[in-house]
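Asks: Generate coordinates for the entire structure from the input sequences, incorporating the hints supplied.
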Amino acid sequence: QVQLVQSGAEVKKPGASVKVSCKASGYTFTSYYIHWVRQAPGQGLEWMGIINPSGHSRTYAQKFQGRVTLVTDTSTSTVYMELSSLTSEDTAVYFCAREPPWSGSYYAYWGQGTLITVSS
Amino acid sequence: DIVMTQSPDSLAVSLGERATINCKSSQNVLYSSDNKNYLAWYQQKPGQPPKVLIYWASNRESGVPDRFSGSGSGTDFTLTISSLQAEDVAVYFCHQYYTTPHTFGQGTKLEIK
Numbered sequence: 003q004v005q006l007v008q009s010g011a012e013v014k015k016p017g018a019s020v021k022v023s024c025k026a027s028g029y030t031f032t033s034y035y036i037h038w039v040r041q042a043p044g045q046g047l048e049w050m051g052i053i054n055p056s057g058h059s060r061t062y063a064q065k066f067q068g069r070v071t072l073v074t075d076t077s078t079s080t081v082y083m084e085l086s087s088l089t090s091e092d093t094a095v096y097f098c099a100r101e102p103p104w105s106g107s108y109y110a111y112w113g114q115g116t117l118i119t120v121s122s
Numbered sequence: 016d017i018v019m020t021q022s023p024d025s026l027a028v029s030l031g032e033r034a035t036i037n038c039k040s041s042q043n044v045l046y047s048s049d050n051k052n053y054l055a056w057y058q059q060k061p062g063q064p065p066k067v068l069i070y071w072a073s074n075r076e077s078g079v080p081d082r083f084s085g086s087g088s089g090t091d092f093t094l095t096i097s098s099l100q101a102e103d104v105a106v107y108f109c110h111q112y113y114t115t116p117h118t119f120g121q122g123t124k125l126e127i128k
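Keeping their order, the protein sequence lines are chains A and B.
With positions in the first sequence counted from 1, the corresponding number in my numbering is that position plus 2.
With positions in the second sequence counted from 1, the corresponding number in my numbering is that position plus 15.
Hints in this document: simulated from the structure, not taken from any laboratory.
Please note: incorrect hints may appear among the correct ones.
[Claimed, not checked] Pulled a few chain B residues facing chain A out of the computed Cβ check, cut under 7 Å:
1. Pro64
2. Phe108
3. Thr115
4. Pro116
5. Gln121
[Stated by the list, open to error] For lysine-lysine, the following DSSO-like pairs were computed, each having C-alpha atoms within a straight-line distance of at most 27 Å:
6. B:Lys60 - A:Lys25
7. A:Lys65 - A:Lys15
8. A:Lys65 - B:Lys66
9. B:Lys66 - A:Lys21
10. A:Lys65 - A:Lys25
11. A:Lys65 - B:Lys39
Beta carbons: idealized from backbone N, C-alpha and C, even for Gly.
Replies: This is the structure we're talking about:
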């Protein structure tokens, strides 16, 4: 079955960077795009970007341009999301999510989420 | 960016009664070339990732109970739960995937009256 397993929670200081991993299994890794979405405590969902694990093409939300980087490691079927210059506003649960087996860019599968806390 | 606005922000419904959540997009999310509305609905329970209920505005995801249904087209959409069950207490989000950046409604918190 399709699984997306994310790395564990982290606490970071303001100004630092964080790298969250999303390891995929149960399907052909290079066949489906992966999105990253975050959710601040008690808040809604915010799209950060998308990566094609096959061709490595990526698109980022303008809000995060210059601060977020998505990369893939096809040898381990893992997508990484790195966010730099962290502030308290970046405290959130970060999710990776995969598109469905057919067309459409909604999120059929989700990782369990990774809580990133930014605090001095 | 396409702005998604849900109403109401919270809703309390008696068990067995109908619950209706609305979602309005600031731009059309109906793609003329395939006549599909690029709109999904998710359910999120505390401490869990969202779970897709409806895609293409009205297609129910496999395994989702048939009391959940989606309707609407263009800019106005509705999620209906025909007979509320206790396990339906959650926050519900609409999501447009017509274009990037993908955007979401602010969420509707559904409770038991």
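Asks: Look at each hint and say if it fits the structure.
Replies: Hints, verified against the model:
The closest approach between the C-beta of Pro64 of chain B and any C-beta of chain A is roughly 4 Å, which is under the 7 Å cut-off, so the hint is satisfied. The interface hint given for Phe108 of chain B is met, as the beta carbon of that residue sits about 6 Å from the closest beta carbon of chain A, less than 7 Å. Using the Cβ-Cβ criterion of 7 Å, the hint placing Thr115 of chain B at the interface with chain A is satisfied: the shortest such distance is roughly 5 Å. Because the closest C-beta pair between Pro116 of chain B and chain A is about 4 Å apart, less than 7 Å, the hint holds.
Of the supplied interface hints, the one on Gln121 of chain B holds, with its beta-carbon coming within about 5 Å of a beta-carbon of chain A, less than 7 Å. Between the alpha carbons of Lys60 of chain B and Lys25 of chain A the distance comes to roughly 23 Å, so the proposed pair stays at or under 27 Å and holds. Using a Cα cut-off of 27 Å, the hinted pair Lys65 of chain A and Lys15 of chain A holds, with the two alpha carbons roughly 21 Å apart. For the suggested pair Lys65 of chain A and Lys66 of chain B, the alpha carbons sit about 25 Å apart, so the restraint of at most 27 Å is met.
The straight-line distance between the Cα atoms of Lys66 of chain B and Lys21 of chain A is roughly 25 Å, inside the 27 Å bound, and the hint therefore holds. For the given pair, Lys65 of chain A sits about 25 Å from Lys25 of chain A by alpha-carbon distance, which is consistent with the 27 Å threshold. A distance of roughly 23 Å separates the Cα atoms of Lys65 of chain A and Lys39 of chain B; the hinted pair therefore holds under the 27 Å criterion.
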